[in-house]
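Novice: Residues per chain are reported as follows:
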Amino acid sequence: MSAPRDSAGGVGLPEAAAAPVSPARPRTVAIVGPPNCGKSTLFNRLTGLRQKVANYPGVTVEQHTGVFTLPDGHEVLLIDLPGVYSLSPRSEDEQVTHDVLLGIHAGSPKPQAVLLILDATNLNRHLLLAAPVLSLGLPTLVVLNMADDLRSRGGNVDVKLLAAQLGAPVVLTSAAKGEGLEGITHFLKEALPRRQPMVQLPVISDIPSCRAWARQVGQGSGYQAPAPSDWTRRLDALFLHPIAGPAIFALVVTLVFQSIFSLAAPIMDGVEELVSASGIWLAANLPDSIWRSLLTDGVWGGVGSVVVFLPQILILFTFLGVLEDSGYLARAALIADRTMARIGLQGKSFIPLLSAHACAVPAIMSTRTIENKRDRIATILIAPFMTCSARLPVYTLIIAAFIPERPVLGAFLGSRALSLLGLYALGFAAAIFTARLLKSSILESTRAPFILEMPPYRWPTLRSIGLRLYDRSKVFLRRAGTVILAVAVVLWVLAHLPLQDGRPPEIENSLAGTIGRTVEPLIEPLGFNWKIGIGLITSLAAREVIVGTLGTIYGIEGGDESSAGLQAALQKDLSFGGAVALLIFFAFAMQCMSTVAVVRRETGGWKWPAIQFAYMTGMAYGCAWIAFRLAS
Amino acid sequence: MLQLSSRKHAAARSLSDLRLGEEAVLDHLDLGPEELQRMMELGFLPGAVVAAARAAPGGDPRVYRVDGSEFALRREMASRLIVRPPDPDQGRI
Chain B
32 MSAPRDSAGG VGLPEAAAAP VSPARPRTVA IVGPPNCGKS TLFNRLTGLR
82 QKVANYPGVT VEQHTGVFTL PDGHEVLLID LPGVYSLSPR SEDEQVTHDV
132 LLGIHAGSPK PQAVLLILDA TNLNRHLLLA APVLSLGLPT LVVLNMADDL
182 RSRGGNVDVK LLAAQLGAPV VLTSAAKGEG LEGITHFLKE ALPRRQPMVQ
232 LPVISDIPSC RAWARQVGQG SGYQAPAPSD WTRRLDALFL HPIAGPAIFA
282 LVVTLVFQSI FSLAAPIMDG VEELVSASGI WLAANLPDSI WRSLLTDGVW
332 GGVGSVVVFL PQILILFTFL GVLEDSGYLA RAALIADRTM ARIGLQGKSF
382 IPLLSAHACA VPAIMSTRTI ENKRDRIATI LIAPFMTCSA RLPVYTLIIA
432 AFIPERPVLG AFLGSRALSL LGLYALGFAA AIFTARLLKS SILESTRAPF
482 ILEMPPYRWP TLRSIGLRLY DRSKVFLRRA GTVILAVAVV LWVLAHLPLQ
532 DGRPPEIENS LAGTIGRTVE PLIEPLGFNW KIGIGLITSL AAREVIVGTL
582 GTIYGIEGGD ESSAGLQAAL QKDLSFGGAV ALLIFFAFAM QCMSTVAVVR
632 RETGGWKWPA IQFAYMTGMA YGCAWIAFRL AS
Chain X
476 MLQLSSRKHA AARSLSDLRL GEEAVLDHLD LGPEELQRMM ELGFLPGAVV
526 AAARAAPGGD PRVYRVDGSE FALRREMASR LIVRPPDPDQ GRI
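Just so you know, the sequences run in chain order B and X.
Counted the way our numbering counts, the first sequence spans residues 32 to 663.
Counted the way our numbering counts, the second sequence spans residues 476 to 568.
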């Protein structure tokens, strides 16, 4: 077990050597650590709002980079690498971490120093990662995080002894409380070259010998593992209780679900009003021209229809953040695992599917926690079947216009609420059907190992939740907003060309109208006319756009979904069978460019979004046709 | 190095046979190389003391404690981690 240690310890800093202030001052520092060590909390502490999220080129792993400013104004670029248990590259995450650390990942600068974050309460296991990271030979600071936990549970470690054994400086921190960060600042000011460690590093590929090494280092530095957390044991006895456990789980799910709608509704109304009021204000204060129409109808209407979903997404992510940071999410996945296994998926797929009821875009982003690639893709492919909030305006308009309100279960449940509930069930059933289909065919995986670490329960911090919300809203607005904006502008142009006598044409004679009439033969079997056809095309951008489009086409100012005028117009133009077909079509079709874009991004290519779009549209068309036949 | 597939005696018990609260020493892992490496990184090494800590409400998956950390494993995985009774002479890993 002799160690071929890399002796590049003190060299390898050519760029930094050019800096006049300090010869060893690093400019790019990588943050490495196992999952659940508080790595991201520390990263957030250090960089605050000055961070960027992007995907690594070529792979679907998220890249967080941020700037940390030293007291003297010098800036250090911090790269938060994906959490890994080892550097042997097997998963995409591990590959990225490995490549970035070695400086061979395209588009990422080679780090000149490393912050190795380890969970102080779990040092014996986490030291396993120290061996491969230290053998890289880069100046490394070993950060023992969760120091507060270690103390409060009666554990101990001698930082000086540990530093001597590893040949690298060691600091104790609590990222959640902001303790011990000055040690990191000090290191970043002047990353010292590595010294020869007292213990030889083990052969990296031999895990048992790494393990023995880690134990030896732990013992040599007086490490005393803390007692198992009492709180965690007690809370688990409750949350995983055979009867109380599932009951609490159901309660939590209901609470999240309920909040997405009831809590978000007034805020969404407020945002909607703000968007429309500012649109009217703009219209009143700009000279009447074609550009005003583009700005108010095209840009404002299009972008506004997306911004309206932000409150829902923020509420969803507040809940998810609290659940994840507290440790409950791992328990929820554990409880859901058995049920999810029946449809060929696993516990970790449950949360994305729940989130998809608000919006498929953040749901698809949250599938990143699923390590098994096939399970992850299957989850991504079925998520858009869940009844997202963008379907609601469409559902409520059609139901209000075509389903008479009759009591079904007394005052408790009416026919309209029942129809809505049925549409939710329909989406869910389609998702389960598709999951089974996928898992028994193209995405069959043999015995996907389900391994889930159960972290101890912790109090979530406001700071971490706040940063996450900030992060998510930025990502959401950028990703969804750009696509919607582009499509809205294109549609506006199509609806206003060709000009007749310098004026925009009637909608029927516009390019959009021509397109609508071109597709009419295709959708006639479903009971739709060319006006619905235009709506179907515009709603490719986002489902709810059809409401506004139909409003415009039927010449109703504002196009408000509760408008009795629009309902009356629809009743004249659409048969009952056609209305049912339209509902079914919207339940299944992938009418959302943001989802297509996010699936492409997350799966790293056009293959999956293309399959998904074709499958969902085909299913929507087929089922709508059957529904039209049956209901007519 | 490690036995990858051996069911020498029918009486061999696996993690999934442990009662809740029971401890045992991991003897060998009946896994392919990828899974074997992953499990060993998490601390499921031959010689390690593993305890069946808790179960999900349906009884599967179960949570196992090894070396101060807890991991949920499905029965199909747990049944391939073969254990022997705790060795009184040997300290915990």
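Since the hints were made in silico from the structure, they are not lab data.
Among the hints, a few may not be true.
Cβ pair distances, simulated, as ranges [claimed, not checked]:
no., chain 1, residue 1, chain 2, residue 2, range
1, X, G496, B, D237, 28 to 36 Å
2, X, G522, B, G79, 38 to 46 Å
3, B, L553, X, G533, 26 to 34 Å
4, X, G533, B, Y455, 22 to 30 Å
5, B, L423, X, G522, 42 to 50 Å
6, B, R494, X, G533, 30 to 38 Å
7, B, E106, X, G496, 29 to 37 Å
8, B, L282, X, D492, 46 to 54 Å
Quantities reported herein were computed from a predicted structural model and do not represent experimental measurements.
No residue lacks a Cβ here, since even glycine has one placed at the ideal position from N, Cα and C.
Novice: Confirm or reject each hint.
Specialist: Hint by hint, here is what the structure shows:
Between G496 of chain X and D237 of chain B the Cβ separation comes to about 33 Å, which falls inside the hinted range of 28 to 36 Å. Range check, G522 of chain X to G79 of chain B: Cβ separation about 45 Å, and the 38 to 46 Å hint holds. For L553 of chain B paired with G533 of chain X, a C-beta distance near 48 Å fails the hint of 26 to 34 Å. Under the hint 22 to 30 Å, the C-beta atoms of G533 of chain X and Y455 of chain B, about 25 Å apart, fit the expected range.
Take L423 of chain B and G522 of chain X: their Cβ atoms lie about 57 Å apart, and the range 42 to 50 Å is violated. Checked against the given bound of 30 to 38 Å, the beta carbons of R494 of chain B and G533 of chain X, roughly 37 Å apart, stay inside it. For the hinted restraint 29 to 37 Å between E106 of chain B and G496 of chain X, the CB-CB distance of approximately 53 Å leaves it violated. One distance hint, 46 to 54 Å for the beta-carbon pair L282 of chain B and D492 of chain X, is violated here, with the actual separation near 34 Å.
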